[in-house]
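Our numbering puts the first residue of the sequence shown at 14, with every later residue one more than the last.
Just so you know, the hints here were simulated from the structure itself, not pulled from any lab data.
Please note that the accuracy of each hint is not assured.
[As the list claims (entries may be wrong)] Pair by pair, the computed Cβ-Cβ distance ranges are:
# : residue 1 : residue 2 : range
1 : SER49     : ALA125    : 20 to 28 Å
2 : GLY29     : PRO147    : 19 to 27 Å
3 : GLU28     : PRO147    : 17 to 25 Å
4 : THR116    : GLU54     : 25 to 33 Å
5 : GLN154    : ASP112    : 14 to 22 Å
6 : SER49     : PRO147    : 22 to 30 Å
7 : SER61     : GLN154    : 16 to 24 Å
C-beta atoms are modelled at their ideal positions from N, C-alpha and C, and glycine is treated no differently.
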Amino acid sequence: MARIFISIGSNIYPEGYFNAALKALSAHFDNLCLSSVFESEAVGFDGSNFLNMVVAADTQLGIAEVVALFKQIESDNGRLPGAKKFSPRTLDLDLLLYDDLVTDSPIPLPRAEITTNAFVLWPLAEIAPERVHPVAQLSYQTLWDNYDKSQQKLWPVEFQWSY
Numbered sequence: 014m015a016r017i018f019i020s021i022g023s024n025i026y027p028e029g030y031f032n033a034a035l036k037a038l039s040a041h042f043d044n045l046c047l048s049s050v051f052e053s054e055a056v057g058f059d060g061s062n063f064l065n066m067v068v069a070a071d072t073q074l075g076i077a078e079v080v081a082l083f084k085q086i087e088s089d090n091g092r093l094p095g096a097k098k099f100s101p102r103t104l105d106l107d108l109l110l111y112d113d114l115v116t117d118s119p120i121p122l123p124r125a126e127i128t129t130n131a132f133v134l135w136p137l138a139e140i141a142p143e144r145v146h147p148v149a150q151l152s153y154q155t156l157w158d159n160y161d162k163s164q165q166k167l168w169p170v171e172f173q174w175s176y
């Protein structure tokens, strides 16, 4: 059983798509642990604010199977294949960590955004503060404490779950 960490983001009807994503994730994975939901300005383009969070879960699936499942969940929720990276989206699911594995195949892990994007690092530090980044060799709480918070505006928001 592997412990995985998933980044969820949306800036198109995020309340509905977050609930749909969590319903799908809970159908495929065990022991879900949810961070708070955070709002942030769009990064890389002018657009509506995003909601983001991180979810931890247990799985017996391999990395490629997890990524394929995420793509299917995104597609099921209106994400268009081949959409530009910096654009509005209904749902974005990214595998951040698969246990403490460091690999480039089938995708790069740990995901680089962990240390560069506040909307990934803060919620990850919230649910796994003592866990150590397998490359940086620092806990996620330490990484967050040392993060230059002036780089990105980010704030926690109340969220109504219905999944």
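### Consistency of beta-carbon spacing, ALA125 to SER49, with hint 20 to 28 Å
Given about 23 Å between the Cβ atoms, the range holds.
### Message
For the hint 16 to 24 Å, verify it against the beta carbon of SER61 and that of GLN154.
### Response
This hint is violated: roughly 30 Å between Cβ atoms.
### Query
Cβ-Cβ distance between THR116 and GLU54: within 25 to 33 Å?
32 Å, holds
### Query
Does the Cβ-Cβ separation between GLN154 and ASP112 fall within 14 to 22 Å?
19 Å, holds
### Task
Could you see if the CB distance from GLY29 to PRO147 stays within 19 to 27 Å?
The hinted range 19 to 27 Å is violated for GLY29 and PRO147, with Cβ atoms some 34 Å apart.
### Query
Are SER49 and PRO147 spaced within 22 to 30 Å by their CB atoms?
24 Å, holds
### Query
Holds or violated: 17 to 25 Å for the Cβ distance of GLU28 and PRO147?
33 Å, violated
In this structure, the earlier hints numbered 2, 3, 7 are contradicted, and the remaining ones agree with it.
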